[in-house]
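Q: Protein sequences, first through last, are from chains A and B.
Take the first sequence: its letter number 453 is residue 453 in full-length UniProt numbering, and every next letter is one higher.
Take the second sequence: its letter number 852 is residue 852 in full-length UniProt numbering, and every next letter is one higher.
If you are wondering where the hints come from, they were derived from the structure by calculation, not from laboratory data.
For glycine and all other residues, C-beta sits at the position ideal for the given N, C-alpha and C.
A few of these clues could be false.
Residues on chain B that point at chain A, a partial pick, calculated with CB under 10 Å [to be verified]:
(1) V666
(2) L674
(3) P699
(4) E700
(5) M701
(6) A703
(7) Y814
(8) T817
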Amino acid sequence: MREWRVAMATYQEFIQQNEDRDGVRFSWNLWPSSRLEATRLVVPVSCLFTPLKERPDLPPVQYEPVLCSRANCKAVLNPLCQVDYRAKIWACNFCFQRNPFPPSYAGISDVNQPAELMPQFSTIEYIVQRGPPNPLIFLYVVDTCLEEEDLQALKESLQMSLSLLPPNALVGLITFGRMVQVHELSCEGIAKSYVFRGTKELSSKQIQEMLGLTNPSATGPQGRPAAPQDPAVTCRFLQPVHKVDMNLTDLLGELQRDPWPVPQGKRPLRSTGIALSIAVGLLEGTFPNTGARVMMFMGGPPTQGPGMVVGDELKTPIRSWHDITKDNARHLKKATKYYDALANRAASNGHSIDIYACALDQTGLLEMKCLSNLTGGHIAMGDSFNTSLFKQTFQRVFSKDHNGEFRMAFGGTLEVSTSRELKVSGAIGPCVSLNAKGPCISENEVGVGGTTQWKICSLSPSTTLALYFEVVNQHNAPIPQGGRGAVQFVTQYQHSNTQRRIRVTTVARNWADAQSQIQHIESSFDQEASAVIMARLGVFRAESEEGPDVLRWLDRQLIRLFMFHLRRSPFLQVFNNSPDECSYYRHHFVCQNLTQSLIMIQPILYSYSFHGPPEPVLLDSGSILPDRILLMDTFFQLVIYHGETIAQWRKAGYQEQPEYENFKHLLVAPVDDAQEILQTRFPMPRYIDTEHGGSQARFLLSKVNPSQTHNNLYSWGQETGAPILTDDVSLQVFMDHLKKLAVSSAA
Amino acid sequence: MNVNQQPPMASPYGQPQPGYSQPSYAPLGGGYPGPYGPYSGPATAYQPGAPQGYSTYASFPSKAVPANPVSDLPSPLELGSARGPPPVSTNQAYSQYAQGDIQNGPPPMDHSMAQPAQRPPVCQPYSHGAMNLSGPHPSYPQQYGVQPSMQQMTNQMSGMQVGSGPLTSAGPGYAPPSYTQAPHPVSGAPSQPPPPSEPAAPQPYYDGPPPSQQPPFPSSAPPPSQPFPSSSPYSGPPLPANPGPLQSLDNSPSHLAPSPAQQTFPNSAPPPVSQALYSGPLPPPDLALSHLPCIPCPVPCRPAPSQPGPPHFHSGPLPNAPCHPLYVPAAGQPPFPLAPCSSLLSLACMEDTQPSRMVSPPCSNPCTTSTRPLVCAFGQPRGPQPGYAGPQYPGQQNYGAVPAPTPAPTQKRLDPDSIPSPIQVIEDDRANKSSEPFTTGVKGQTPPLVTTNFQVKDQGNASPRFVRCTAYNIPCTADMAKQSQVPLAAVIKPLAMLPPDETRPYMVDHGEAGPIRCNRCKAYMCPYMQFIEGGRRFQCGFCSCVTDVPPHYFQHLDHTGKRVDCCDRPELSLGSYEFVATVDYCKNNKLPQPPSFIFFIDVSYNAVKSGMVNIVCQELKTLLDYLPRENPEADSVVRVGFVTYNKVLHFYNVKSSLAQPQMMVVSDVSDMFLPLLDGFLVNVNDSRMVIESLLDQIPEMFADTRETETVFGPVIQAGLEALKAADCAGKLFLFHSSLPIAEAPGKLKNREDKKLVGTDKEKSLFQPQSGFYSNLSKECVAQGCCVDLFLFPNQYVDVATLGVVPVSTGGSVYKYTYFQAEMDRERFLNDLRRDVQKPMGFDAVMRVRTSTGIRATDFFGSFFMSNTTDVELAGLDCDKTVTVEFRHDDKLSEDTGALMQCAVLYTSCSGQRRLRVHNMAVNCCSQLADLYRNCETDTIINFFSKYAYRSLLNTPTKTVRDTLVNQCAQILACYRKNCASPSSAGQLILPECMKLLPVYLNCVLKSDVLQPGADVSVDDRAYLRQLLSCMDVSESHVFFYPRLLPLVKLDGGSLPMAVRNSEERLSKGGVYLLETGLYLFLWVGANAQQELLSNIFGTPTFSQIDPNMTSLPELDNPFSQRLREIIDSFRSQRSRYMKLMVVKQEDKAELIFKHFLCEDKSASGGASYVDFLCHMHKEIRQLLS
């Protein structure tokens, strides 16, 4: 028992250490050594991997990685490899191929090891030369069917953003409303733009022709900017910020609301679908396979052309879950299919698409979510462009790290290699398959599978993928004691400073015989990681399957406490959330790292009172007390809730009185904490300051465990806590059921 | 040529005359000598020959001999020269003629292949006679496709006529001569003459021919022989005969006298006689070419004419013309007329008087045809002479014998001076009608010609400036109309500009209820509404329906039954006026917006390189201040928009609030749309700065373009969309350079295929390539979107297709082939300025209502019709005309006459909806004579040409041409049969009003559209075809019969009198100005006086004149000033700026110039006037028999 505790402690440290160093968290840190045993564990061997986890302490090396020479292996030399220093030969720990070191490694010896062989460099980053650097590309796609105020705010945000871009970044502008305008930025004198009808779908080739991009002189011989000539020559629509700063600022300043009249009872005609297809087509034609970010700002749903989400009749409301269930959403499938196709095109060219949707009503994120999901783009949702929520979220996109470089990377590919006993089932995260065939692909596909490589068009330090593995070792072929399975993650990407980099992370875990070492395996279980990993799987299924089935599936998979909240979360439960909101939440859930994901699953609740320092409390209706201030962080919302008494005090203005300065401090404390969170959170959470009985208190009440409801209020007969008006089961009930179920199933 | 020969003529004539006179002609001879004086030169020559020949031979054989004599003759006339041989030929000819005469029918047959049956023979005879003439004849043949020989003949003729030297064609023609000879054979004699032809060149040909001819002769000989004998007489007779007429006409001396004589002649049978004689000769020619006949005539003619000297003739004829309805104008040149056909023709332009005829009958035999005919003509004049009378028709055969002689004279062709002269007619009309204002109150009155300056007083009928009719007396019945074949049509120019001294139509406002109209036919209130029941009701003049007068419009009647306010109300007293339209007359029952102008500038490589883009942009900056407006004080309310394009379109946002224009590119041309709403169509004054900035930048922006492809359909679509979006009518100005081959709707391929020309598939070249543009134009019309197209092609652009939309929307097409900034800038800019500024209406609908009994059945012009009655015009400017054809559907009454009301509903340039009404009343007649007395040939030609040009779309060109000729022949035959007093069948008698019909018709037939030369592109033809469709009478007149002014004595306010369009009229020592309606040519004779050159060009040396100059130097001398004034005034009279081209004699460019000398045979095979007249005569004779 004690040993177990030690082990436990050890594992926690181990897990933490691994996460800090490699950005990897496995669901199991000891791996059952056979397929059969692994299957019995329910939670698969899997991990959360954060490819670009910030490692300020990790200086990149300036040379090329050494690859295994076997054609279908290509693993990178790593600390786990066996090295014969005398023969200058190393053995690949994945395929056991023996490889000679390249000539430049002639001087290596036990005491003179290259970094990649040192154990502390299980994660190492290489800076490599691959042709001339590609500038970053930012293509703004701006909706002009906005209220004057909104448009003004958006214009200011955009103008501001120009100053945040690196001077050599290429920038472009597409505006849309009834028509789509692609603005030419290179010209002096007359402002030029290419206009497209918002209702007509065009092929990429047509778009490029119409933009005049197909002239032989416009693109290189192969149309590849691999050897880009001066990009300014390449495309008039994408120009270095430093050259067109003034022009573009003016251009943005002169942007007018869409001039076409909107008759009474109609929505403005918004050609979002075409605007996006043109953006995608433009980049596809000019900068394929180069990191680029399409940033789309929209103030309402697409109302015409391909990708339309709702007609322009105001009397026809935008689809709701109800409509969807009833199969009554006319445009849903078509639009979804359209945006899926676009997303895949963008992804295959390494371009990511951000969606900044600010409107009071839905904007069609449900249909468009793939654009961001598949390309690693951001989705931000707000009520108006004229809110700090949007402004700061947008500003945060351009936040910089301690080196003064953007916290974004482009055009990433993640390649996974595994030991022979292990195969890759798939990945869930902001990625698309590259369909790279290899020896370590599992036949059982989980998430996006069938490949060893994924494309992640845009990466941030928090971008996290869930990777699922399958133990394929047969039960009758035991692995020798002390054997280790290894996994190597090779991430190639374009750093925001335009360098090409390769980050290699190689991890290994011990194999354990489930029969003899079940306790060890059990103790190596990473509950948090598993919860998130399973939740992602749940979300992934929810996206692709019917809701109730997913819940049932989840119920069958046993997970502890989290599961309760997960069931209630917007990730799976659509009640009280619009389709757009669900898409929005899910999008972030499958991108964020473990910590953030946990917050999303089980919001954090802090309680502030005169009784002591702030303390985390149970997310339970019982925590809602009159003399407390509660701060709830659901990731998407920050709610400060003043208990009934506190609210009365505040209303009475005690905080203004010198003698009640302590009360003032109490009031300020949660706000300060909230600010701290706001500083770093992306996207900006919705910040809500409410009180007992306030209309916005619903944000809190919908999250807490309804341990007290109108049904049981009187049975409890206490005045503590607040009753929640819901028919949802409480955690207590859930647990009771769970126990019963566990027993019965065991039986 | 004639002129040259003249000198010699005199003597010869003298001689011959006697000889001739002896024959039957004797009398004539007497007469002729005088008149022919001028021609006498040549004539003499011939005569000598003839006489000799005759004398010697008495038989043909002698021809050889004659040749010598001929040689003499030739000297006089070039033709003669060619014909030097004439004598011989003459003999032969005569012989032939004789034969012909005798055997009229047969001989021709033999020779010519018997094509033209007997009649033809007649003609042929001429040809023979023509020998010389042969040249001309050929022309017919070609046209008519007779015999190759014919062609050759014609060629020769043409060559000859022109001046043996000049006409290249002549050369070729000569070669053929051999053929001609063949035919000649008939005319054998004539052919022979050729050899003798003095002119070296011709001679060879002739020489060749003679032999051939001879052979034929043999066969035909026999007959000829007979003639020959007579031939001597011929020479004699013809001459005399000719002389007679000619003299009267030609000979200055006796001009006056003659004329009277002619008059008498008509009556007198004599002329016929002469003709008869001729006819005799003619026959032979017939063989050659029925047409040829003319030729022979010429010979005789020449003699005569030449002597008199062409000029004289003119003078002569002129007087005659006026005097004698009959104009035998031909008389002067009887020869030709004769040629025409069968025997001579006396061309009688009958005036109403039934003089009928005139003339000379006879040359039934055509033989000498040409000459003879002339003679005849003359004869007629001389007709007075009893002797002739007798001989006339009946005598023809006999005369045939006589004729023979004429041919002998070597007649070659009709004397051009003896046939109706447009110049003379124009001058007469000017002299008679320009002094007094033309008042429109008299029903059925023919207005002055379009060439006459006159003032109009509106007294209840529309001014001829608005409406011109083909006939002012309409047949009462359909049968009559059908019989006469005279088209009933009106050429309407609804928004015509009036001279400053005439008031524009008054505006009438009938209040909120709108204009008062007949309840049934909806005719608008007009002077023909008869008020009854004390003024409480009115009876419609069109449908007789009785309608109540609205209370607010009530007025008492005076004792004559007229409203007492009759004179105060334009709609009750005038022929033309306007109503203010109410909202009921507007689209969607909404008052219209002011129109917009949108400029589309092609900025592809060719357009930029030619300098067009630069010029347009520069010009627009100032031109925008001159947008049309109704109140000169106020700013125009017309809004403007700008688009440039190559294979994509660039729209410009020129909103006044912008610092810089914004360009919006639409590349999706497959599905055109308007990319912007606000800021595209703007008020010029508001956005002036932005617009100027834009126009400055456009040339820069595209200076380095390498885009060569263009679109066209989407451009119009864009304009259409813009107007739709702005909910207004308007006009698109397209400046376009090339065939639109870029991938887009309306894309065209190069389908120019010259091999199709002349085939039955030729019509496809005039048809649009696809239906796309037709459909597009429907949409344009529905929106009131008028399209004006300025083309700057360097190669084929398919005008036939590109022009569809402009033509259907009431727009115009301007074409500047091989546009060069320096050379064509002025022309283009002036066209553009005028086009932008000219008053016009938009979104117009025109409806023509008529009295019960006739109705408008067909319309010609630039418009679109979706039903059979409403002419829809997206735009209607002041230069556009609509030609309306009427047909009977019932009887008309002589008592009431026929009424026509043309109402045009349109939106003015200020956005006001209006109705313009033109009323026209004409008489109805039950006598054909009345019809023929009140026709207007210019208008008829306008109608015919439009009809023919349109027919090209569906009918092979040849059929179109044949139809035209046939219809005209029917018209003239009908006249001859029903109105002219009895006369010899060989006589060509033309109604006074239509005496120019043949010459004008010939011009139509020879136009590039109907008979293209090798160098005329398909585009040019399509362009001209479209251009003509909306020409008014004045424009079509000059278009078909250009104005040729000798530049002498320019002092004084009046213009020098024009001369006829024939090279013969040009003097090497002169300078001439030729106006075609599209171009101005300044022809400089090689021997022009130095002083003249100095005055005009500032250099005395011919060789230093720069043929590339497009404007004359501004020299400080009265002559130069006056000349430039004239040029300016000419230009101001036309809707399109005429580019000035300086043509130096013998220069390459002269070919172009000569193309417009429409009385001559054209390089493309068009007949000369003389030849054509002969042909017409033949046709008529065929109809009559």
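Q: Run every hint past the structure and note whether it holds.
A: Evaluation of the provided hints:
{"no.": "1", "hint": "V666", "in the structure": "holds (5 Å)"}
{"no.": "2", "hint": "L674", "in the structure": "holds (9 Å)"}
{"no.": "3", "hint": "P699", "in the structure": "violated (12 Å)"}
{"no.": "4", "hint": "E700", "in the structure": "holds (8 Å)"}
{"no.": "5", "hint": "M701", "in the structure": "holds (7 Å)"}
{"no.": "6", "hint": "A703", "in the structure": "violated (13 Å)"}
{"no.": "7", "hint": "Y814", "in the structure": "violated (28 Å)"}
{"no.": "8", "hint": "T817", "in the structure": "violated (30 Å)"}
Checked against the numbered hints given earlier, the structure breaks hints 3, 6, 7 and 8 and satisfies all the rest.
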